[in-house]
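All chains, full assembly: derive it from the sequences and hints.
What follows is each chain in one-letter form.
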Amino acid sequence: MFFDAAEQFINGVMYGSLYALIGGGFTILFGVMRRFNMAYGATIMAAAYVSLVPLYLFRAPFWLMVLTGLAAAILIGLLVEFCCFRFIKKGHELAPLVATIGMLIAITEAIVHATDAAGLKYPSPFGDESLELGRFLVRPDYLAVLVAGVLCFTLIFLLLYKTRLGRAMRAVAERPEAAQILGVSVQRVNVLTFVLTSALAGVIGFFAAVSVGSARPDIAAFVTGKGLVVMVLGGLGSLPGAIVGGLVLGVLEFQATWFLGASYRDILAFLILFVILVFRPRGLLGARTT
Amino acid sequence: MRRMTGLQVIALAVALLLVPAWAVAFQNEGTLRIGGMWALSGGAAFFGKAALGLGTLAVDEINEAGGVTVGGKKVKLTMHPQDDACNAEQGLAAVRRLATVDKVLFSLGPTCSSVAEPVFGTLQKKLGDAGDTGLQLLFFTDTATKFGLAKLSPWVFRNTPDEPAMYDFIVKYLKENRPELKTVMVSYESDFAHSAATWKGALEPALKKHGYHQVVEVVDWKWLDTEMGAQVTKLRRANADVYFALAHTTSMCPSLKEMKSQRVKPKLIFGITSLAGTEVLLNCPDLAEGVVSPTNFAPINARAKQIADKSWEKYKADSNIHSVPAYENVHLIKGLIEKAGLTNTEDTLLQDRRKVRDLLAKVGTFQGVIGKITLNPEDHPVKPRDVDKDMLLVQVKSAKWTVFWAPPHLKQN
Amino acid sequence: MDYYIAIASIIGIHTLLGLSVYLVAISGQMSFGQQGFFAIGAYLAGMSTALWGIGLLPALALGAVVAGLMGFVVGFPALRVRGLYLAIATYGFGEIVRLAFLNVRYTRTIGDRVVGPNGAEGFRHVRYVFDRGFTGAQYLAIILAALVVVIVLYYLLERSKLGAKVRAVEEDETAAATVGINVTQVKVLAFAAAGAVAGLGGGLFVHYSTYIDHDMVALPLAIAAVTYPLLGGLGSFVGPILGAVVLVGLTEGLRALHELREFVYGALIILTMIFRPRGIVDEALVLRVKTWFQPRAARPSGPGAVGVPAEPMVRP
Chain L
1 MFFDAAEQFI NGVMYGSLYA LIGGGFTILF GVMRRFNMAY GATIMAAAYV SLVPLYLFRA
61 PFWLMVLTGL AAAILIGLLV EFCCFRFIKK GHELAPLVAT IGMLIAITEA IVHATDAAGL
121 KYPSPFGDES LELGRFLVRP DYLAVLVAGV LCFTLIFLLL YKTRLGRAMR AVAERPEAAQ
181 ILGVSVQRVN VLTFVLTSAL AGVIGFFAAV SVGSARPDIA AFVTGKGLVV MVLGGLGSLP
241 GAIVGGLVLG VLEFQATWFL GASYRDILAF LILFVILVFR PRGLLGARTT
Chain W
1 MRRMTGLQVI ALAVALLLVP AWAVAFQNEG TLRIGGMWAL SGGAAFFGKA ALGLGTLAVD
61 EINEAGGVTV GGKKVKLTMH PQDDACNAEQ GLAAVRRLAT VDKVLFSLGP TCSSVAEPVF
121 GTLQKKLGDA GDTGLQLLFF TDTATKFGLA KLSPWVFRNT PDEPAMYDFI VKYLKENRPE
181 LKTVMVSYES DFAHSAATWK GALEPALKKH GYHQVVEVVD WKWLDTEMGA QVTKLRRANA
241 DVYFALAHTT SMCPSLKEMK SQRVKPKLIF GITSLAGTEV LLNCPDLAEG VVSPTNFAPI
301 NARAKQIADK SWEKYKADSN IHSVPAYENV HLIKGLIEKA GLTNTEDTLL QDRRKVRDLL
361 AKVGTFQGVI GKITLNPEDH PVKPRDVDKD MLLVQVKSAK WTVFWAPPHL KQN
Chain G
1 MDYYIAIASI IGIHTLLGLS VYLVAISGQM SFGQQGFFAI GAYLAGMSTA LWGIGLLPAL
61 ALGAVVAGLM GFVVGFPALR VRGLYLAIAT YGFGEIVRLA FLNVRYTRTI GDRVVGPNGA
121 EGFRHVRYVF DRGFTGAQYL AIILAALVVV IVLYYLLERS KLGAKVRAVE EDETAAATVG
181 INVTQVKVLA FAAAGAVAGL GGGLFVHYST YIDHDMVALP LAIAAVTYPL LGGLGSFVGP
241 ILGAVVLVGL TEGLRALHEL REFVYGALII LTMIFRPRGI VDEALVLRVK TWFQPRAARP
301 SGPGAVGVPA EPMVRP
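Protein chains in written order, with our numbering: chain L, 1 to 290; chain W, 1 to 413; chain G, 1 to 316.
Hint data in this document are derived by calculation from the structure and do not stem from the laboratory. Values in this document were obtained by computation on a predicted structure and should not be read as measured data. You may find that some hints are simply not true.
Claimed, not checked - The following label-pair restraints were derived from C-beta to C-beta distances: (1) L/V53 - W/D129: 50 to 60 Å; (2) G/A175 - W/G131: 51 to 61 Å; (3) L/T163 - W/K265: 42 to 52 Å; (4) W/K400 - L/E129: 21 to 31 Å; (5) W/R237 - L/Q187: 52 to 62 Å; (6) W/H380 - L/M1: 49 to 59 Å; (7) W/K209 - L/P240: 51 to 61 Å; (8) L/R164 - W/K400: 53 to 63 Å; (9) W/K126 - L/K89: 56 to 66 Å.
Unchecked claim - Output of the computed footprint for chain L on chain G, the stretches with three or more beta carbons under 8 Å from beta carbons of chain L: (10) 67-81; (11) 91-102; (12) 142-156; (13) 262-270.
Just so you know, even glycine gets a beta-carbon here, dropped at the ideal spot from N, CA and C.
Quick look at the structure:
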């Protein structure tokens with residue numbers, strides 16, 4: 001019993017770091033722009049598909065797949081920014097939400113038609129068989145997600161707190177008008193925010209497809225669902241919140257699946273989300289004021 | 001003026017709705033319309049497009065051979081496919097479009113059982129009773145497999161797999177041929193009607209009936225789940241001889257990946273019926289190696305091979321357990337049309353549909369692509385208007401489906 | 001004709017769903033959970049006619065009332081939460097309802113049919129409408145009648161004192177509270193009423209489709225429900241109606257495009273939002289239309305006037 005709980009806890013933390021990355025992507029964008037990007041999941045899914053192109057063309061090594069995925073995600077991200085954000089003026093927070101829903105539909109359909117809605121095999125460079133650490137079995141791709149999560153968040157925090165761009169992003173996040181007066185180009189920061197979160201989408205797409213074993217259209221819905229929940233659970237716009245939210249959701253799901261079964265896993269997850277929000281209306285680590 | 005552009009775009013788009021259907025063409029124009037309702041967009045499009053391709057291939061063959069004889073005149077078949085995106089509301093509109101705008105004689109499809117439920121539910125239940133205002137459109141289904149759908153309306157016939165018979169056969173086969181495999185473990189998708197029904201309505205009753213195997217573990221997940229670590233750990237501890245994975249490709253592949261990583265190696269793995277197609281081979285060919293699945297189609301004879309090649313070449317359509325029936329259904333109905341004495345005019349459409357329906361109800365046994373198919377009569381106690389047909393077991397070997405077991409009479413082909 | 005009646009029926013049912021989101025939205029909240037109330041209404045009204053032999057109208061009323069009560073019960077805790085947090089909290093509620101129905105089994109054998117909610121296998125044989133010989137046009141008339149009742153209520157609401165209170169809460173909660181409006185009461189009432197409207201839509205839907213299962217009330221329905229009022233506009237109840245007409249109309253109207261259909265559908269949503277960021281019928285348009293019917297002297301002008309949002313309406 002204790003061993004089982006521990007084993008599922010380890011799995012939950014590893015898989016939860018994928019959730020944290022997804023939530024992180026949603027959170028950075030929301031934090032800086034105060035807008036929802038519902039097309040983020042579709043960007044991740046499309047990036048995973050595109051990263052397969054060099055593999056199918058000339059058996060490219062996996063780092064080239066990751067780079068292709070990153071490049072594709074950034075291009076799609078810029079397209080989303082151009083179509084759904086750039087021309088919608090301030091004061092219309094809900095318009096990009098609806099526009100990106102349109103984008104979600106359009107991107108998904110583009111992929112569905114290019115592939116006849118078939119999932120495509122996505123090889124794992126980390127090996128298929130679990131490592132044996134004592135009595136525990138640890139999936140190498142999950143371990144890689146954990147490492148990638150630590151790396152990505154370290155890089156993001158360095159970027160936000162040690163670079164000029166990071167300072168500009170935080171300035172725009174906190175007081176956009178003031179930032180503009182101080183000479184920060186909000187437009188430029190917005191575009192760079194999209195580049196950053198889309199690059200992250202490329203990484204997420206790679207690890208999501210590796211962990212499932214194939215690139216599939218429904219990755220978009222999976223990522224959107226988990227991302228929104230993690231973002232809100234942790235607290236809107238709070239990056240540490242996204243990390244905590246992702247890990248909490250991961251651990252919770254694994255324990256619930258083991259002890260209660262998959263049928264009650266999601267009910268329990270949403271009940272806990274609901275209760276947390278009622279008692280902490282700004283999420284686990286959300287700011288008291290906005 | 002730019003402000004108006006948005007409104008104009010919308011107005012234009014809505015105006016498209018009012019575009020009338022294509023000019024109605026019937027006997028006097030030398031055509032006869034047939035329809036199909038499939039998921040041609042969205043996540044289930046792989047199956048929808050395959051069935052559309054095979055149905056269209058049959059139409060091509062018939063037209064190339066001169067067409068169908070109606071009232072002493074050769075007319076060409078025209079195919080009117082409608083997309084339901086595997087969405088019930090779109091299906092409910094599409095069925096009326098087929099019935100009253102496209103004015104088709106009969107429809108193939110639908111792809112998803114969740115669309116078939118409301119669509120068949122709105123068809124007439126009491127045949128010819130004016131008090132029952134359900135739609136009068138003949139369906140001859142190729143894909144939607146959920147047990148009992150044909151009972152919803154006398155206008156529904158299906159050429160789909162009979163899963164209780166299939167799993168009954170598998171359990172009996174195992175008991176007789178592999179008596180050393182005694183323990184069984186099962187996984188199924190608790191939120192997917194087809195998968196849940198295959199476990200509760202087909203496999204579990206079969207295991208109980210034959211009373212030989214011992215079920216040591218049953219786990220479930222959702223069909224779009226990406227992570228099955230906890231469930232597979234349970235399967236690993238159960239360590240049964242035979243594993244029934246009643247899962248569709250979406251959850252089958254990640255669960256097999258998890259099995260490999262946890263080194264769970266049952267002696268034999270059986271998949272769900274819908275698995276025996278190309279989809280799983282695109283998703284996880286190596287992981288699926290060795291998986292056995294029941295099916296009604298495999299390219300085991302010259303004709304079947306030719307159909308599979310041609311449909312792929314012409315329409316990139318996968319010939320599988322669900323799509324080949326679309327081909328068979330079109331050919332069967334073509335024969336019935338010639339016998340039914342249709343007038344093939346717009347005004348007599350309802351009578352024409354009824355005539356073909358009544359003939360279809362009495363068709364009995366007919367020739368399918370790989371063997372004989374028996375369409376059960378309307379008074380069949382268990383599965384009226386559903387088929388009994390040859391079943392075989394196929395196995396993934398080197399990323400291809402190969403025959404694992406076939407009834408002796410099929411092998412001679 | 002049947003085809004156009006079918007489209008109109010679906011538009012009517014989805015309009016109720018859109019109006020439900022709209023009512024929550026004009027009290028300043030965004031709900032992604034109205035499909036949960038839709039599901040409650042559908043299952044309850046379906047069980048009423050198919051299992052308990054109740055007539056159609058009482059069944060619809062029962063579904064709506066129970067969904068409304070549920071909105072009342074959920075409203076109290078949920079409305080502590082605001083903005084996008086509430087959007088996700090309500091989505092959580094919708095999912096809990098959906099997953100609960102996934103696990104509900106309550107069937108009876110009537111004749112040769114097994115009727116009732118049957119877990120993942122769904123709830124079939126809700127055939128009251130077809131067994132009683134209603135034609136498509138007659139059932140459409142019932143849907144439209146229900147819609148007209150709801151719209152008249154909305155119209156009266158928007159012109160009433162209560163409606164002004166609701167709008168005031170949307171504009172500025174704190175200010176509304178200082179002028180003596182009971183903000184919680186207004187929001188909970190709006191939430192309960194919105195639940196009832198969605199429940200009514202659900203009841204009408206299940207009798208139209210004869211079948212309901214958990215998959216039909218999942219995320220795609222939530223997204224559609226929110227899109228209707230946001231695309232149609234939050235300026236007036238005409239918005240969600242127009243949103244449903246446009247979006248359902250496009251889904252069907254673009255059939256001639258075959259494979260490109262859903263793709264163009266998505267692109268048109270984006271275009272609409274670029275040109276009409278506050279929806280097709282936004283506050284400014286409502287105001288402009290209103291001024292047509294007012295004597296020149298009474299026309300309001302400038303920010304702060306009723307219906308003119310405080311923020312600048314920058315237009316492309």
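Practice prompt. Can you let me know if the beta-carbon spacing of W/R237 and L/Q187 is within 52 to 62 Å?
Written response: holds, 57 Å
Practice prompt. Take a look at whether the Cβ-Cβ distance between W/K400 and L/E129 falls inside 21 to 31 Å.
Written response: holds, 25 Å
Worksheet item: Is 42 to 52 Å right for how far apart the beta carbons of L/T163 and W/K265 are?
Response: holds, 51 Å
Discussion item. Against the range 51 to 61 Å, how does the distance between the Cβ atoms of G/A175 and W/G131 compare: consistent or not?
Written reply: Once the Cβ atoms are compared, 60 Å apart, the range 51 to 61 Å for W/G131 and G/A175 holds.
Practice prompt. Please count how many residues of the stretch 262-270 of chain G have a CB within 8 Å of a CB from chain L and say whether that reaches 3.
Written response: holds (count 8)
Worksheet item: Are 3 or more residues of the stretch 142-156 of chain G near chain L, judged by a Cβ distance of less than 8 Å?
Response: violated (count 0)
Fill in: Check of the stretch 67-81 of chain G against chain L for coverage (Cβ-Cβ below 8 Å, three residues minimum)
holds (count 4)
Worksheet item: Would you say the C-beta atoms of W/H380 and L/M1 sit inside 49 to 59 Å of each other?
Response: holds, 51 Å
Discussion item. Looking only at beta-carbon atoms, does the pair W/K126, L/K89 fall within the given range of 56 to 66 Å?
Written reply: holds, 59 Å
Worksheet item: That 50 to 60 Å hint for L/V53 and W/D129 (C-beta), does it hold up?
Response: 58 Å Cβ-Cβ, so the 50 to 60 Å window holds.
Item to complete: Note whether the CB distance of W/K209 and L/P240 lies within 51 to 61 Å or breaks it.
Response: holds, 57 Å
Worksheet item: Can the stretch 91-102 of chain G be counted as covered by chain L under the rule of three residues or more with Cβ-Cβ separation shorter than 8 Å?
Response: Contact hint for the stretch 91-102 of chain G vs chain L: holds, 8 residues under 8 Å.
This entry does not satisfy hint 12, going by the numbered hints stated previously; all others are met.
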